[in-house]
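Put chain B on the given structure of chain A with help from the hints.
Protein chains: 2
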Amino acid sequence: MTNTIKDVAKIANVSIATVSRILNAQGGYSEKTKFRVLKVIEELGYQPNAVARGLINKRTHTIGVLFPKLSSSLVTDLLDGIEKAANDNGSSVIVCHTESNGEKTMKYLQLLIEKRVDGIIFASEILKDEYYQFVTKAKVPMILLSTESYAYPVPFVKVNDYHAAYAAAKHLIDKGHTNIGMISGKKDDIIAGIPRIEGFKKALSDHGISLSPDNIVFSRGFNFPDGVEGLKKLIGQFPDVTAIFAASDEMAIGTLSAAYQLGIKVPEEISVIGYDNLNLAEMSIPPLTTVGQPLAKMGEAAAEMLFTIMETGETPESRIMPHKIIERMSVKERKE
Amino acid sequence: MTNTIKDVAKIANVSIATVSRILNAQGGYSEKTKFRVLKVIEELGYQPNAVARGLINKRTHTIGVLFPKLSSSLVTDLLDGIEKAANDNGSSVIVCHTESNGEKTMKYLQLLIEKRVDGIIFASEILKDEYYQFVTKAKVPMILLSTESYAYPVPFVKVNDYHAAYAAAKHLIDKGHTNIGMISGKKDDIIAGIPRIEGFKKALSDHGISLSPDNIVFSRGFNFPDGVEGLKKLIGQFPDVTAIFAASDEMAIGTLSAAYQLGIKVPEEISVIGYDNLNLAEMSIPPLTTVGQPLAKMGEAAAEMLFTIMETGETPESRIMPHKIIERMSVKERKE
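Protein chains in written order, with UniProt numbering: chain A, 1 to 336; chain B, 1 to 336.
These are computed hints drawn from the structure, not numbers from a lab.
Among the hints, erroneous ones may be present.
[As the list claims (entries may be wrong)] Partial selection, computed: residues in chain B whose CB lies under 10 Å from chain A:
id, residue
1, K39
2, H61
3, N87
4, S92
5, E99
6, R116
7, L280
8, M283
9, S284
10, I285
[Claimed, not checked] Simulated pairs of lysine-lysine, DSSO-like, Cα-Cα distance not exceeding 27 Å:
id, chain 1, residue 1, chain 2, residue 2
11, A, K69, B, K297
12, A, K201, A, K324
13, A, K115, B, K104
14, A, K128, B, K84
15, B, K175, B, K201
16, A, K233, A, K186
17, A, K32, B, K32
18, B, K107, A, K115
19, B, K107, A, K107
20, B, K115, A, K115
21, B, K84, A, K107
22, B, K137, B, K107
23, B, K324, B, K202
24, A, K115, B, K137
25, B, K115, A, K69
26, A, K202, A, K170
27, A, K10, B, K32
Quick reminder that beta carbons are idealized off the backbone N, C-alpha and C, glycines included.
Chain A extracted, bound-state conformation (with noise of 0.2 Å):
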């Protein structure tokens, strides 16, 4: 007969919560107490470990969150969603910063599995083999956020990027633009990349409008100075262009600063989209129009979702969320 934590706190004569406790090294006992219900343990031959991976509640009431870089305020806006599940779960919330740097993720995924988080959710990166197993192996639940993985069944939430870059196009499209350009992110970026750019350029095609090679520049990242880099570029590619789809608002606030540089008026020369709509959006100059991903909706069920397979124990669907395009300053309608 095998015996139960219930069995180890009768014959030590104390309540299963200390067991559970002790356990769990959570304090809140004394040392006496916990040796006797240690040699109790050890007299019965019973397994903590099985007690402490399944048959009582070890929860820890905490979830960590990776994110790559924490400037971004797509972060905050995620974190604020996150955090009101959390906090409607009873739970805190543990970020760490893995500036999209292999090693460092991996440490951080072992601190918090060291640190017995209930579940992560891993933001905005690729998930790597090495992570997956290592998170897998721990049998702790994961969710992807504004990611997915083409390699692993991890549930995930994310607006379809591919939809959202045609959006922004179609956008300019409809405001009378037909020379076109795209400021894109990393060429070879499987999610937010290659998807962005391939919508972007379904919209022109579905539209009749021609695209060549110089409509596009392509960065290294999705940042302020890859927008300021990428209109320079795309200026001296592609002269008649009268409308921009920079692949990140960051990028489109980098657009906007270069081209106040150069002396262009933005949006009376230039028109500008930009993607994500951070807070940022609405701080520049003129307000950026961009497409909008519900960033707090999306933190909010992806902590869900997390906190559906710690009760449940089942894999809930991933979500696509839906994008929209947010109309401010920076596009302008183009009579010819």
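What follows is chain B alone, placed relative to chain A:
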């Protein structure tokens, strides 16, 4: 004779490191070894807690950082420095987001202590009595970053807000302005409110510039909307204003945005100087002249001070870091 961890290791026939790992529940040993070691500990009447507290190295190589708000790029810049120092010391950084909420702050302090962080950096927020008492009782080292405590002897790293605000106002005076307004933060904030207001006033009075209550607008916070509202209010009560000191870069960028909406040209009609030198300051239109704080260096210093306490047990001196005026394009010389 008191037994040491060495005796335990010898009798149990394991390494000291193994005993240490068992006492700290760090894994990497079999259940069999664990019980053999715990048995020896019991037989020797050895006090593992005393061990855990002093005789062995119980560091988890994790430090916790509390920020009131993650959206601010202040955070990234501070965190860059913290992570650099942590990395140099082989430690990881856990970030918690308190939203300046007392209950949430207490919950996170508790969580960090439960997770056995080696030390805490408490950033950009007033240190309340209950926070101080809790952390002190837990005997976890703490450093204040970009804030200080008048009530408690906790080492801090920050700039001198009074002197930095004085420098900002003096920069406007040096550029020939005499109708100078201030969009201040919270009137009763003893860290970032009062010292900046008083520094501003002192600079004006030292240079024979008269000051009426209409020169200063008080805000509810230090954010973008406070700057937007602030400019509207300031223009209303002080229509002759030609130069403005905004008490944070986010407020300064709100001021630029409101000016753009009102058709007021910066710097041609109104000059604006900010405070912080966030990444954002370079991205604004026009690029923002501001009072720079060496944020990355401040973060690095705070983490290094924490490691000093851990290693030596001695309390380091607080550090006042130098500020400097970063000239960009939002302040214009006034010739009358």
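Hint check results:
1. Restraint check, B/K39 versus chain A: the minimum CB separation of about 7 Å is within 10 Å; hint holds.
2. Annotation: B/H61 was flagged as interfacial toward chain A, and the flag holds, the nearest CB pair being 9 Å apart, inside 10 Å.
3. A hinted interface residue such as B/N87 counts as satisfied when its beta carbon comes closer than 10 Å to some beta carbon of chain A; here the least separation is about 8 Å, so the hint holds.
4. Nearest Cβ of chain A to the Cβ of B/S92: about 5 Å, under the 10 Å cut. The hint holds.
5. Interface restraint check for B/E99: the shortest CB-CB distance to chain A comes to about 8 Å, inside 10 Å, so the restraint holds.
6. Checking B/R116 against chain A: minimum C-beta separation of about 9 Å stays under 10 Å; hint holds.
7. A hinted interface residue such as B/L280 counts as satisfied when its beta carbon comes closer than 10 Å to some beta carbon of chain A; here the least separation is about 8 Å, so the hint holds.
8. Of the supplied interface hints, the one on B/M283 holds, with its beta-carbon coming within about 5 Å of a beta-carbon of chain A, less than 10 Å.
9. The restraint placing B/S284 at the interface with chain A holds, with a minimum CB-CB distance near 7 Å, inside the 10 Å limit.
10. For B/I285, the suggested interface contact is upheld, since its CB lies about 4 Å from the closest CB of chain A, less than 10 Å.
11. A threshold of 27 Å between alpha carbons decides the hint, and for A/K69 with B/K297 the separation of about 19 Å falls inside it, so the pair holds.
12. For the suggested pair A/K201 and A/K324, the alpha carbons sit about 19 Å apart, so the restraint of at most 27 Å is met.
13. A C-alpha spacing of about 19 Å is found between A/K115 and B/K104, which places the hinted pair at or below 27 Å, so the restraint holds.
14. Distance restraint check for A/K128 and B/K84: the Cα-Cα separation of roughly 24 Å lies within the 27 Å cut-off, and the hinted pair is therefore satisfied.
15. Between B/K175 and B/K201, the direct Cα distance comes to roughly 17 Å. Compliance with the 27 Å bound is thereby established for this hinted pair.
16. Distance restraint check for A/K233 and A/K186: the Cα-Cα separation of roughly 15 Å lies within the 27 Å cut-off, and the hinted pair is therefore satisfied.
17. Between A/K32 and B/K32 the alpha-carbon distance is near 21 Å, which keeps this suggested pair within the 27 Å criterion.
18. Restraint check for B/K107 and A/K115: satisfied, since their Cα atoms lie roughly 16 Å apart, inside the 27 Å limit.
19. Only pairs whose Cα atoms come within 27 Å are accepted, and B/K107 paired with A/K107 is accepted, the gap being roughly 25 Å.
20. The suggested pairing of B/K115 with A/K115 holds, with an alpha-carbon distance near 6 Å, which does not exceed 27 Å.
21. A hinted pair counts as satisfied when its Cα atoms are at most 27 Å apart, and B/K84 with A/K107 qualifies at roughly 15 Å.
22. The hinted pair formed by B/K137 and B/K107 meets the criterion: a straight-line CA distance of about 15 Å does not exceed 27 Å.
23. A C-alpha spacing of about 18 Å is found between B/K324 and B/K202, which places the hinted pair at or below 27 Å, so the restraint holds.
24. Restraint check: the Cα-Cα separation between A/K115 and B/K137 comes to about 22 Å, which is no more than 27 Å; the hinted pair holds.
25. Straight-line distance between C-alpha atoms of B/K115 and A/K69 comes to about 24 Å, which keeps the hinted pair within the 27 Å bound.
26. Restraint check: the Cα-Cα separation between A/K202 and A/K170 comes to about 10 Å, which is no more than 27 Å; the hinted pair holds.
27. About 23 Å separates the Cα atoms of A/K10 and B/K32, which keeps this hinted pair within 27 Å; it holds.
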